[in-house]
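First to last, the protein sequences are chains W, R, U, S and G.
Numbering-wise, the first sequence is residues 62 to 396 according to this note's numbering.
Numbering-wise, the second sequence is residues 62 to 396 according to this note's numbering.
Numbering-wise, the third sequence is residues 62 to 396 according to this note's numbering.
Numbering-wise, the fourth sequence is residues 62 to 396 according to this note's numbering.
Numbering-wise, the fifth sequence is residues 62 to 396 according to this note's numbering.
Please keep in mind that the hints were generated in silico from the structure rather than gathered at the bench.
Worth double-checking, as some hints may not be accurate.
Which copy? The list can't say, so a pair holds if one copy fits it or any two copies do.
Claimed, not checked - Dumping the calculated DSSO-like pairs for lysine-lysine here, alpha-carbon to alpha-carbon at most 30 Å: (1) Lys264 <-> Lys158; (2) Lys162 <-> Lys192; (3) Lys225 <-> Lys251; (4) Lys207 <-> Lys192; (5) Lys66 <-> Lys217; (6) Lys225 <-> Lys78; (7) Lys217 <-> Lys391; (8) Lys297 <-> Lys391; (9) Lys66 <-> Lys78; (10) Lys158 <-> Lys280; (11) Lys246 <-> Lys164; (12) Lys297 <-> Lys101; (13) Lys158 <-> Lys243; (14) Lys246 <-> Lys264; (15) Lys391 <-> Lys280.
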Amino acid sequence: MHIGKSYRISEFIAWTKRDIYLLVVMGVVPVVLYQMADLKWLGIPWTVVALLGTATAFIVGFKNSQTYSRIWEARQVWGDILSSSRAWGVTSRDYLKSAEKAKELIYRHLAWLAAMRYQMREPRPWESSHKTNNIRYSRLYCIPEKETTLEAELAKYLSCEELKEVLLAQNKATYLMSTQGKALKELFAKEEMVVSQFIDMEKVLRDFFLLQGRSERIKDFPYPRQFATINRIFVKLFCLLLPFGLLREFDKLNESLTGIMKGNMVWLVVPFSVLLSWIYTSLEQVGDSTECPFEGSPNDVPISQMCRTAEIDLREMLGETELPPPLEPKNSIVL
Amino acid sequence: MHIGKSYRISEFIAWTKRDIYLLVVMGVVPVVLYQMADLKWLGIPWTVVALLGTATAFIVGFKNSQTYSRIWEARQVWGDILSSSRAWGVTSRDYLKSAEKAKELIYRHLAWLAAMRYQMREPRPWESSHKTNNIRYSRLYCIPEKETTLEAELAKYLSCEELKEVLLAQNKATYLMSTQGKALKELFAKEEMVVSQFIDMEKVLRDFFLLQGRSERIKDFPYPRQFATINRIFVKLFCLLLPFGLLREFDKLNESLTGIMKGNMVWLVVPFSVLLSWIYTSLEQVGDSTECPFEGSPNDVPISQMCRTAEIDLREMLGETELPPPLEPKNSIVL
Amino acid sequence: MHIGKSYRISEFIAWTKRDIYLLVVMGVVPVVLYQMADLKWLGIPWTVVALLGTATAFIVGFKNSQTYSRIWEARQVWGDILSSSRAWGVTSRDYLKSAEKAKELIYRHLAWLAAMRYQMREPRPWESSHKTNNIRYSRLYCIPEKETTLEAELAKYLSCEELKEVLLAQNKATYLMSTQGKALKELFAKEEMVVSQFIDMEKVLRDFFLLQGRSERIKDFPYPRQFATINRIFVKLFCLLLPFGLLREFDKLNESLTGIMKGNMVWLVVPFSVLLSWIYTSLEQVGDSTECPFEGSPNDVPISQMCRTAEIDLREMLGETELPPPLEPKNSIVL
Amino acid sequence: MHIGKSYRISEFIAWTKRDIYLLVVMGVVPVVLYQMADLKWLGIPWTVVALLGTATAFIVGFKNSQTYSRIWEARQVWGDILSSSRAWGVTSRDYLKSAEKAKELIYRHLAWLAAMRYQMREPRPWESSHKTNNIRYSRLYCIPEKETTLEAELAKYLSCEELKEVLLAQNKATYLMSTQGKALKELFAKEEMVVSQFIDMEKVLRDFFLLQGRSERIKDFPYPRQFATINRIFVKLFCLLLPFGLLREFDKLNESLTGIMKGNMVWLVVPFSVLLSWIYTSLEQVGDSTECPFEGSPNDVPISQMCRTAEIDLREMLGETELPPPLEPKNSIVL
Amino acid sequence: MHIGKSYRISEFIAWTKRDIYLLVVMGVVPVVLYQMADLKWLGIPWTVVALLGTATAFIVGFKNSQTYSRIWEARQVWGDILSSSRAWGVTSRDYLKSAEKAKELIYRHLAWLAAMRYQMREPRPWESSHKTNNIRYSRLYCIPEKETTLEAELAKYLSCEELKEVLLAQNKATYLMSTQGKALKELFAKEEMVVSQFIDMEKVLRDFFLLQGRSERIKDFPYPRQFATINRIFVKLFCLLLPFGLLREFDKLNESLTGIMKGNMVWLVVPFSVLLSWIYTSLEQVGDSTECPFEGSPNDVPISQMCRTAEIDLREMLGETELPPPLEPKNSIVL
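Please take these sequences and the hints and turn them into a complete structure.
Here's what the structure looks like:
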């Protein structure tokens, strides 16, 4: 997440550099053909482009509103994970007679949080963080999950044997939650709590399964590819046709001119078609970079930071005093 | 679900091939009449078409936003089914004294999942997977529910007698859930669990009934036919009128031309009307193919894969080691 | 609910026949005055009509999106009623010691379902099923609540005395649910179940009250009349002004024509204004017919069919074998 | 709530009379200046107005969609209050051993409903029911909360002492709910119910606090004033500029005319600018009158009627037979 | 929150003064260059600006609809905090045997409310309350959290030792909730309540954690910066290009004029471009000032007032009579 006031326009232009080059080419070619090669018939009616432009604005607007919903839902899910983690800490501490056992439950929960965030950062084919535009940008901030291994993180919270078992499991987060269940069963058997407390904690476990499932859903079910595809086709077509539609609009202006610009107005098609196209491709790129809120892009939901917050809060509840520091943003970006 | 980066444009064109042929015909006829038969009065004012075009964009946009909601809700329901299945596994194992009985409850749950996915794949009259466009495409991927029978699947999880009874039931999923209830009653009677645990598990059953009902709702209540119908009429009318509206727009351009294209600009109506119409019909087709998220199309919610995931997770919880492999995509498509 | 592929265009035209007649008149009059009476000043600028057209598209789009939400919510509520009914069956059977008592609870629930669907089918002043367009159409399908009386339906599930009392109640569904509560109190007093089971079932009753309230809300709170009114005014004004706005657009085309159509292009205003207006009035009519999802129109939520499904499922749970058949659609329509 | 088919157009015009007068003046002045004072430069380009018109349509559409959400949510909250009231009646009767005590709880609940509806009808500065347009209209229907005092209503349900205390409380509804809690505590102390029933009823109380809070939220948090303000500015600016933008559009038509209208087309600006502006101001006024669903306007959520329904249902549950009649609409309006 | 009828237009203009100055400059420069320096080629085609204008309206509309959702959700969360606080008061009083202990729980809850509102008022880099426009305005109202310190507020509710500990905690609200949990554990150990009441109160604590988390989410997760950035670019570009697009539209009008305005129509570009641009920038500014509902701006959710209401209600429940007065608005603004 970018936590500054806003991106600077220069950052934005740098980020969309590759598109701009392409758009310039797409703008220059028709003008050269029209003006130098005198292919006047290349100038198509503006009405065609205007209709396409409105439809494209609809489509791109729809996509952005859906990607916004995705990131917002992702933040909701993780906000609830953070809140429920705090609640788990309080409940574990209050229900169990032994503080030691409560600590075990809380540490295993921290392990679950770590497993979750590593799982969320795994790459998917439809994510855009591997695009050239984004790779270049990614050097400016750091992704905690790329810097230490999951094993090292889990080792902080789990005993040696449990760690080994977890690492073998297909879905580590599910495995850890399932182990929490087993632990509760044992604690109940040892009369650490009464049956209604046991049932209450099992319900909380079920809620964590739901939260995990929701997070996995956003990770694993992208903005449907059929919509993404038609979106891309719309925008590309629009950018392609726009300069052709502008040719005559600018050419007409020559009539009423005198002086040096007379006859040369068509060259203005290049900057204006680039400008308008760039607006649409940038909008598309903003959508793309928001679509997958866990891919490790600067627009991600800051799950690493939130897990750290949960860790601090939970260990403070246990009365620990050597707490890790909150995650700090780098270049205004924190993940 | 398509799990690649996106559909290739060539795939997209192939998928909409039939519409393209039709649109070409619809574009050529008016041009020939106008240009060759000299029926100049066929050129209608652009304003009529522009107004229709805007209204159509509204309507198609509305449909797509609703079909998107449908697929997203379908994924939510199945995401919750997956999460709740994991929770069911943990709860069954933790509450029951006997591991054998827990396994029975969990296996019957797997049977319910199988019954659900077979029920979801049954065809409905309004689904579009039987359209020629889609049948051709469907050879590229596989639908697990078409490859083995429900009976074979259920046999893996149920005893012989129970299997027979289930196959006779009107709604197999309901029957299986009802059997779970009976089993819980018996387990409670045998003092496998205390009354508050029994009540808690009955509540979970009720939640499964709600999830089943939501899934059935999306299956059985299509995008309302009255909306679908008017949608189709809008798009068809627009595609029909578009070339007529473009005739004069392109004809006017002849005035300012010289050279070979002079007098022939009207022929450009064909590619441009096909292009614009194709955008609209493709948008419509994308909507159609998203509308029914369980019909066995490449854009389905991957319920077979999710049921497999649930199976792996639940059997891992039971300590089984011979687990089935996750379902793999074929040509980037997994169902 | 229409359960076919879609309405045929001919059905659609037949359904909107009355509007079409009116629109033809509204199109012919201005053309005759303009062309024959030579009142050229009747041709108003297209800009006025275009602005109105866009605003109208907004407004009609908004209405349709709200009516869609209404029908979708209605289906959700009834989907949840169906699921919760199944759950009620399982819970009643599992909690009670006596199968006889469980049957009583389940049969009274079926009576509640019947009361609900009869209550939902009662006419309201704002519903459109009494419009001539719709009455003619309504002969093609059947409304089960019009064919048998509520008394006959309730008699299947209730004892004679209870039936009498129910028929006297102001709100029959509320009365039946309240009787369920009394029955639970008695069953608890007779130690048919323990207190936590009693409390659990009372909670389920409360959920049924909420579902009933939601269904009544959709029935009794129409799309607000102030919105409906301004909507109608917009559409009527648009249809009225459209032909006037088209007069000059078509008249201008005469200049560039030769041959028989020269001077007669204005007559084309009639088909095109009818076409465009028809699109808007049809959209409006589709909205109207979706607005009230329980009025007995072909676009209703199929509550009779869903109650039948519930009946079959619940009686199957009781082990009954003489089950009623599912409700069949007539002319592709099932209510 | 208006419960008829729809408002008549004449009612609508009467309701917006004041705006119409103003709009006529705003239309006549520019025409007179342009035509009579020959200030031709007052005719501004249509493009300016068209751009403003589209943006205004967006903004007004957004407002109406939000005000619609507000009234719909208000109806949901009160629908849930009604349903939960019925549930409260059943639960009170079923849990308590003494019918007398149950009656007390139910009567205090009716007092709470009365306190709620009086609180909801209190005026707020941003409500529009004090506008001249609306005051005139308000003589056609009746607001029950204006006809009897809260004290008289509460006296029906509460003992003398309790009534006195309630009237002193800052927030009467909160006070009454808090008294319900005290009564439950006492009933539990007197062993009228067991602890799990006591807890269950406290939970229901908490739900009533939430419902009360939601209703208060809609009452006390208007459509944000900053949005309302910019909305009004948009609409006013549009209405102001519209006639100026139309001047030249109509003036141009003179060229092609002969006869009496030649040179006088500009006068048509008056009716058309009034018509278009009226559409926008009416839309705005419909939004305003929907914004505050409890202000006592004809478009209110009918909370008085719903409270009466609750009273009838609850007293029928207590076996009472002298029930008050349902609230009847007056001139198709019921509050 | 502004609680008057609406902002006055003069207030609005004062608030947007700085933008207006800038827009005037941006309007004057092109006109001077076009008219005085005779750079006629600066007049670009209107079509370019119209397309950009429509797209900008989309984007700004989308932003405003999202910021509206944010403030509405913020109000929902705090409405639920208020309602749940009342419920906490009732539950604490009803469940505990000792009134003294209940008071302790309730006072600690008031401390939590105070900690929450101070936390919500902390500045964030993306908030706009530090902008010059807003600082000037902020002198007109008062922010309670700026007038007394958190320490002073907490001291009203907590013992000396507890106060010290709280002030050391990283997240004070979390710490206080965690202390509530500890207190409940102790009360249960001292048999002040039975286990099911203890569990019920722990559940309520968990709900408070969720509400806290939701409030923090809205505070800490701004409208995504990538969207905010592209929004700003759109609006700025539009305002920059608008006067260039208007030049020729107004210049054309000169042809048909006579008299003093002939040749000077281009000067009208200044007021009209300022007017239209101002509409867009104001809309943007309204969005900005709504985006962060806890920043201390006049459009904030009134959390200080709501906390005061909660305090009055809770202390009234405890039977206290020296209640603080409700927070009063200053210049129609209350926070």
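Here is what the structure says about each hint:
1. Lys264 <-> Lys158: both (20 Å within a copy, 18 Å between copies)
2. Lys162 <-> Lys192: neither (47 Å within a copy, 51 Å between copies)
3. Lys225 <-> Lys251: This pair counts as within: shortest intra-copy Cα distance 26 Å, inter-copy 38 Å.
4. Lys207 <-> Lys192: within (18 Å within a copy, 38 Å between copies)
5. Lys66 <-> Lys217: Neither. Shortest intra-copy (36 Å) and inter-copy (37 Å) distances fail the 30 Å Cα cut-off.
6. Lys225 <-> Lys78: neither (46 Å within a copy, 54 Å between copies)
7. Lys217 <-> Lys391: Only inside one copy: Lys217 and Lys391 sit 25 Å apart there, 40 Å across copies, limit 30 Å.
8. Lys297 <-> Lys391: between (34 Å within a copy, 28 Å between copies)
9. Lys66 <-> Lys78: For Lys66 and Lys78, both the intra-copy (22 Å) and inter-copy (22 Å) Cα distances are at most 30 Å.
10. Lys158 <-> Lys280: The answer is neither: 38 Å in one copy and 37 Å across copies each exceed 30 Å.
11. Lys246 <-> Lys164: both (16 Å within a copy, 16 Å between copies)
12. Lys297 <-> Lys101: within (23 Å within a copy, 33 Å between copies)
13. Lys158 <-> Lys243: Answer is both: 18 Å inside a copy and 12 Å across each meet the 30 Å cutoff.
14. Lys246 <-> Lys264: Close inside one copy (13 Å) and across copies (20 Å); limit 30 Å.
15. Lys391 <-> Lys280: Both. Shortest intra-copy (25 Å) and inter-copy (20 Å) distances satisfy the 30 Å Cα cut-off.
Figure legend: structure checked against the earlier numbered hints; hints not met, in rising order: 2, 5, 6, 10.
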